[in-house]
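Residues per chain, in single letters:
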Amino acid sequence: MASGILVVVEHEGGQPKKTAYELLTKARELAAGLGGGVSAVVIGSDSAADLGDYGAEKVYTVSGASYETYGTEAYTAALSAVLDEAQPAVVLAPASAASRDYFPRVAARKGLGMASEVTELSSAGGTVQGKRPVYAGKALVSVSINSTPALYTVRPNSFGAGEAVGGSAEAVAVSVDAVTERSRVVEQVKSSSDVADLTEADRIVSGGRSLKSEDNFKAVIVPLAASISATPGASRAAVDAGYAPHSWQVGQTGKVVNPSLYIACGISGAIQHLAGMRTSKVIVAVNKDAEAPIFQHATYGIVEDLFEVCPELQKAFAEAL
Amino acid sequence: MKIGVCLKQVPATDTRIKINAEGTGIVTDEVKWEVNPYDEFALEAALLLKEAGKASEVVILTVGGSDCEQRIKDGLARGADSAIRMDDASFAGSDALGIARVLAAAATKAEVGLVLCGKQAIDGDSSQVPGMMAELLDWAQVTDISSLELDGETVTTHRAAGAGNKAVIETKLPAVLSCDKGLNTPRFASLRGIMMAKRKKIEVWGAADLGLNDADVGGTAAVLVEQGMSQPPARPAGRMIDGGSVGEKVNELVRLLREEAKVL
Ligand SMILES: Cc1cc2nc3c(=O)[nH]c(=O)nc-3n(C[C@H](O)[C@H](O)[C@H](O)COP(=O)(O)OP(=O)(O)OC[C@H]3O[C@@H](n4cnc5c(N)ncnc54)[C@H](O)[C@@H]3O)c2cc1C
Ligand SMILES: Nc1ncnc2c1ncn2[C@@H]1O[C@H](COP(=O)(O)O)[C@@H](O)[C@H]1O
Numbered sequence: 000m001a002s003g004i005l006v007v008v009e010h011e012g013g014q015p016k017k018t019a020y021e022l023l024t025k026a027r028e029l030a031a032g033l034g035g036g037v038s039a040v041v042i043g044s045d046s047a048a049d050l051g052d053y054g055a056e057k058v059y060t061v062s063g064a065s066y067e068t069y070g071t072e073a074y075t076a077a078l079s080a081v082l083d084e085a086q087p088a089v090v091l092a093p094a095s096a097a098s099r100d101y102f103p104r105v106a107a108r109k110g111l112g113m114a115s116e117v118t119e120l121s122s123a124g125g126t127v128q129g130k131r132p133v134y135a136g137k138a139l140v141s142v143s144i145n146s147t148p149a150l151y152t153v154r155p156n157s158f159g160a161g162e163a164v165g166g167s168a169e170a171v172a173v174s175v176d177a178v179t180e181r182s183r184v185v186e187q188v189k190s191s192s193d194v195a196d197l198t199e200a201d202r203i204v205s206g207g208r209s210l211k212s213e214d215n216f217k218a219v220i221v222p223l224a225a226s227i228s229a230t231p232g233a234s235r236a237a238v239d240a241g242y243a244p245h246s247w248q249v250g251q252t253g254k255v256v257n258p259s260l261y262i263a264c265g266i267s268g269a270i271q272h273l274a275g276m277r278t279s280k281v282i283v284a285v286n287k288d289a290e291a292p293i294f295q296h297a298t299y300g301i302v303e304d305l306f307e308v309c310p311e312l313q314k315a316f317a318e319a320l
Numbered sequence: 000m001k002i003g004v005c006l007k008q009v010p011a012t013d014t015r016i017k018i019n020a021e022g023t024g025i026v027t028d029e030v031k032w033e034v035n036p037y038d039e040f041a042l043e044a045a046l047l048l049k050e051a052g053k054a055s056e057v058v059i060l061t062v063g064g065s066d067c068e069q070r071i072k073d074g075l076a077r078g079a080d081s082a083i084r085m086d087d088a089s090f091a092g093s094d095a096l097g098i099a100r101v102l103a104a105a106a107t108k109a110e111v112g113l114v115l116c117g118k119q120a121i122d123g124d125s126s127q128v129p130g131m132m133a134e135l136l137d138w139a140q141v142t143d144i145s146s147l148e149l150d151g152e153t154v155t156t157h158r159a160a161g162a163g164n165k166a167v168i169e170t171k172l173p174a175v176l177s178c179d180k181g182l183n184t185p186r187f188a189s190l191r192g193i194m195m196a197k198r199k200k201i202e203v204w205g206a207a208d209l210g211l212n213d214a215d216v217g218g219t220a221a222v223l224v225e226q227g228m229s230q231p232p233a234r235p236a237g238r239m240i241d242g243g244s245v246g247e248k249v250n251e252l253v254r255l256l257r258e259e260a261k262v263l
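Keeping their order, the protein sequence lines are chains F and S.
Mapping to numbering that gives the first Met the number 0: the first sequence position 19 is 18, numbers consecutive.
Mapping to numbering that gives the first Met the number 0: the second sequence position 31 is 30, numbers consecutive.
Because the hints were derived from the structure by calculation, they are not lab data.
Bear in mind the structure is a predicted one, so any value in this text is a computation, not a measurement.
Do not rely on the hints blindly, as some may be mistaken.
Below are the DSS-like pairs computed for lysine-lysine, each with C-alpha atoms no more than 27 Å apart in a straight line [unchecked claim]:
| hint | chain 1 | residue 1 | chain 2 | residue 2 |
| --- | --- | --- | --- | --- |
| 1 | F | 189 | S | 171 |
| 2 | S | 261 | F | 314 |
| 3 | S | 31 | S | 108 |
| 4 | F | 217 | S | 31 |
| 5 | S | 261 | F | 17 |
| 6 | S | 197 | S | 49 |
| 7 | S | 200 | F | 109 |
| 8 | F | 109 | S | 108 |
| 9 | S | 199 | S | 17 |
| 10 | S | 31 | S | 1 |
| 11 | S | 261 | S | 1 |
| 12 | S | 200 | F | 287 |
| 13 | S | 17 | F | 280 |
| 14 | S | 108 | S | 17 |
| 15 | S | 261 | S | 53 |
| 16 | S | 165 | F | 16 |
| 17 | F | 280 | S | 261 |
| 18 | F | 16 | S | 261 |
| 19 | S | 199 | F | 17 |
| 20 | F | 314 | F | 16 |
| 21 | S | 165 | F | 189 |
| 22 | S | 1 | S | 171 |
Calculated Cβ distances over 10 Å to all of chain S for the following chain F residues [what the hints assert, rightly or not]:
| hint | residue |
| --- | --- |
| 23 | 13 |
| 24 | 44 |
| 25 | 160 |
| 26 | 193 |
| 27 | 211 |
| 28 | 216 |
Covered by chain S, according to a simulated footprint, are these stretches of chain F (three or more residues, beta-carbon under 8 Å) [unchecked claim]:
| hint | region |
| --- | --- |
| 29 | 49 to 63 |
| 30 | 93 to 101 |
| 31 | 179 to 188 |
Virtual Cβ for every residue (Gly too), placed ideally from N, Cα, C.
Work the whole structure out from these sequences, hints included.
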C-alpha cells in the first residue's frame, strides 16, 4: 500500500539545492502526523549526498546521459518509474523551471491531482492539506488531493530548512526505459551572472523605470545587489524600456519571488508588481515620492533619491557584512 | 496547418479581489474581464505564423460559459479565423486535468497541428493545462517559451531554464507550446478587424461532441479539490525611516535589518 512522502531533490552537479533541505524538513513534520517514512528522489545524479542526514530513509536515483540536461520526456518517464517503485502517498517538489514543465505531464500520465506552488502544508486526519496563492497572491485557496499519490510543488523559501537529524539513507538506483525526446535541447545559453534564480533567491534588489538606463542598472542596482549576494530584479516598466532583461521582471507577468529581503529602488508599487513580491518577509522601499503606494507594503521606507541612497547603502552593507 | 490557440477569460490584472461571503470564490460583480495576458502572446504568435504563410488557419479554443464570448470576439477581431467554445453543464467543477481533457479532445476534433497556450492563467495561477494537454494528446511540449520559429515540421523555441539561463529547443510537430512574456508584442484589434469579427463564427461543443463523460470531467472526476478561499494575512505596518542625512538614514536602515528584522 502507498505510504510516506517522497521529496524530489533538485541539485547542481549532485549537490542538493537549498529547496531539498526545506522540503525534507517539512516532509518529516508531515510524516509525523501522517505515518509512513520520508524518501527522496534524485534525477540526473547517482549521489545520495547528505540527504539521509536530513531524514530521507531511502534515496531513489535515476542517472545516465539522458538526464544530464533537463528533458521533458526523460524526466516524466523517470519520475513515473520512481512513483511505481516507491509507492508514496504524497510527493513534494520545489516549484521550479523544471517541475513547472514535467509535473503536469506526470500528473496527466498517471491521472494524479497536482497542486502548484503551495506555500503552506499541513497534515490532519491522515491526509495532507495545502494552501496556495491564487489571483497573484490576492487570495489563498485551501486544497486537498483525491489521488494516490498526491503531487505538490512548493514555492521555494516557504519553509525553513531544519538541522540535520543524523541518519543514513539506503540508495536505490532505478532503471528507466529509454525514451525518445521529441523536444531536443540544441543549445544551453548560460546567463552571464551566477547569482541564484529570482524565484529561489533569499535576497533581491530591484530597480524601476526611475533608473532611466541600462547603464544605471549596471552601475547602481547590480553592485548593490552583489554587496549582499542578492539577485537583481526589475519592474516591468524598466524591462519594457530595455533597461533590464525580461528574466529579471518581478510581478504578475514576471517572476513571483519569496525572499527574506526585497529592496525596491524607485519602484512605485503597482498592483501587478506587488503581485510578484508581496510575500517577501522584509520589504525595503526607496522612493523619492512619499505618496508612492509601495510604502504601504514596505517594512522599512526611505523617502530619498535612489541615486544618493543606493551607493551609500552599498558602502554600509560592505562595512556591515 | 491549423493552429489552435487556447484562450481563457480572467479578471484584469488591476482587479481588487474580494472573497465572497461563503468563502468559496471571488465576488465577480465588479470584475473587469480580459483575455489572459499570456494567451495574448499565444494568439499573436499564431497570427504571425499565419501571416508568414506557415499556417493556414488560427482557431481559438475556449472552455467557458457564454460570458466568455466577448473575449473570444476580441481574439477574432485581432485576426483569428474562427473559434470554438466548449461548454457543458457537466464541465462544472473540473480541475486542470478535466479542462485539459476537454481542450485535448477539442484540438483533436478540430484537427489542429500545433496548440499555443499561455504559460499560466492568472486567475488560478497553476500552469498545468498545457503540459497535461500535451501528454493526453501524446504530443511534444515546450513550456514558458520566449522565442519561436517554425521551419517545416520543426519548431525552434527558447525556454527559460532557471537562473536566467535559456535552453534552445528543437521540436518536431505536433506540439503544445506555452507562451511567456517577451515572445512578441500583442497587437490591438483594428476597426476593420472588429467589423470582420462580427461575421466570424463561434461554434459551441458539448461533452457529447467531444466524447467525454463524468469520468473525465466535472466535479466527480476532479482529483484536485478546492476547499475554500481566504484573504492573505495582512502585512504588519511598516516604518518610515526619517530624520537626518541620507547617510544617517542608511545607517539606521542597516541597523534595523540586522538587529530587528535579522535578515543580514
Ligand atoms: C497586464 C499587465 C501586467 C503587468 N505586469 C507587471 C509585472 O509583472 N511587473 C511589474 O513590475 N509591472 C507590471 N505591470 C505594470 C505596472 O502596472 C506598472 O506600470 C509598473 O510596475 C511600473 O513600474 P515602475 O514602478 O518602475 O515605474 P513607475 O510607476 O513609473 O514608478 C517609478 C517610481 O520611481 C520613483 N522615482 C523616480 N525617480 C526616482 C529617484 N531618482 N529616486 C527614487 N525614486 C524615484 C517615482 O516616484 C515612482 O514612484 C503590468 C501591467 C499590466 C497592465
Ligand atoms: N478554460 C480554459 N479555456 C481555454 N484555455 C485554457 C483554459 N484554462 C487554461 N487554458 C490554457 O492553458 C494555459 C495555462 O492555464 P493554467 O494551467 O490554468 O495556468 C492558459 O494560459 C490557457 O492558454
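Right, here's what the structure says about each hint:
no.	hint	result
1	F:189 x S:171	holds (24 Å)
2	S:261 x F:314	holds (19 Å)
3	S:31 x S:108	violated (32 Å)
4	F:217 x S:31	violated (38 Å)
5	S:261 x F:17	holds (19 Å)
6	S:197 x S:49	holds (21 Å)
7	S:200 x F:109	violated (37 Å)
8	F:109 x S:108	holds (23 Å)
9	S:199 x S:17	violated (36 Å)
10	S:31 x S:1	violated (31 Å)
11	S:261 x S:1	violated (56 Å)
12	S:200 x F:287	violated (52 Å)
13	S:17 x F:280	holds (24 Å)
14	S:108 x S:17	violated (38 Å)
15	S:261 x S:53	violated (57 Å)
16	S:165 x F:16	holds (19 Å)
17	F:280 x S:261	holds (11 Å)
18	F:16 x S:261	holds (23 Å)
19	S:199 x F:17	violated (52 Å)
20	F:314 x F:16	violated (30 Å)
21	S:165 x F:189	holds (6 Å)
22	S:1 x S:171	holds (16 Å)
23	13	holds (17 Å)
24	44	holds (17 Å)
25	160	holds (16 Å)
26	193	violated (8 Å)
27	211	holds (19 Å)
28	216	holds (14 Å)
29	49 to 63	violated (count 0)
30	93 to 101	holds (count 6)
31	179 to 188	holds (count 8)
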